[in-house]
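Now for the letters of each chain:
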Amino acid sequence: MKRRDFLKNSIMVIAGASVPLSALQMVDPKEILAQNPDIHWAFLIDTHTCVGCGFCVKACKIENDVPLEANVSRTWVERYVFTKDDRRYIDSPNAALHGYTDPRIDQGIAGMVDIDPENVGKAFFVPKLCNQCLTPPCTQVCPVGATYKTDDGVVLVDKKWCIGCGYCVMACPYAARFFHPVTHVPDKCTFCYHRIHQGLETACVNACPFEARKLCNIRDVNDPVTRIIMTDRVGILKDEFGTRPQAFYIGLATEVR
Amino acid sequence: MKNHVWRPLFVVIAIVAGILTFRFFYVPNDFGSGKYGFMYSYHRASNVGEWKAIEPKYRDTGRQHLHEYCLDCHAGTISIRSEDMHGMISCENCHGPALDHPNEPQKLLIDRSRDLCLRCHTHLPYTTSERKRIPGINPQEHNPGMSCVDCHDPHNPRLEDM
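As you go down the protein sequences, you meet chains A and B in turn. The first sequence lines up with residues 0 to 256 when you count with numbering that gives the first Met the number 0. The second sequence lines up with residues 0 to 161 when you count with numbering that gives the first Met the number 0.
Just to be clear, a hint being listed does not mean it is correct.
A partial selection of chain B residues facing chain A, derived with a Cβ cut-off under 8 angstroms [to be verified]: (1) His42; (2) Lys51; (3) Tyr57; (4) Asp59; (5) Asp114; (6) Leu117; (7) Tyr125; (8) Glu129.
Since the hints were derived computationally from the structure, they do not count as laboratory data. Cβ atoms here follow ideal geometry from the backbone N, Cα and C, with glycine treated the same way.
Let the hints inform the model, and build the full structure from the sequences given.
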């Protein structure tokens, strides 16, 4: 044996022996993921199927102890009516808690506006909730670290630690936060965090008879709702703010902000 | 350095030390940044558990298994029309959240009000919305003052079966 071959062979033997047995094991990525599930919650809203019944708002308020009579809500439904003579009406009376049972549009101090049924050109309903932004402005501004983004992508409020300054309420471009009339700290949609972590749907998803609202784990490509977000044409609200919302809308109109 | 410099300096050092000591005892130990860093997720770690510990009030197990929770016991006494009719509405939308039923409350408060039906069945002239597919009435003209459930069966709303 030549010296060159001897050196070559011995290096190969040493290299081979130094490979640990575990490195040769075949790893199934699915098994690894099941042990440490990579979860990032996202929401899909289909504005085509919403009929404005408001069951989602009712269920949300009861589930999350938001007083029914108070004019604040974690989620709400907006009505958009565009007339043929190009006037645009938007309202959401009492966050649509009781649905839309009146064809007149609630214009606040201007009163109720009657619209001629013949004149209605386009009308639709848009459910809204916290967008659980990827770069949430509300958590950036908190001076005490009382609101934060969890590792699975939900923005929560630490009610005990909050000092009630209201900075986050002002920072949210979507008006998703409000002062809770009982606890006197900001409250917001949590994607029903107490439900989704144990495999339940959010209260609003369960309450919606028309499946206009859907929750998904956007990291799970086998989730049918995630597939819709990945393959269908979905929109987000106020993209220009750079908040990277995690609530996606099918059939989003430019008038909806 | 002179005395008049040292004395106020000592006061400042004492105040800073006092604030740091207070902070050490006051701020919980589990305060820290999560996956999204200091800017977005600086928080008290145990608060996540506090949110998770809240008991759900609505017991439905999800859109895929609608009515599952209720039908465990009530399947014998109630039959609901298929998914194209009221079968797609969760029981708890009308019967109220189940909470710990049947232990507490023993009886659920059923919402039989006209307003509940009108959420969907008020006629609105919106031809571009899915609302057009739902039979709608004018609440001022269609038997005002009466309860819907006096004539209509919410579990089988077909007009032919009335």
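Hint numbers not upheld by this structure, sorted from lowest to highest: none
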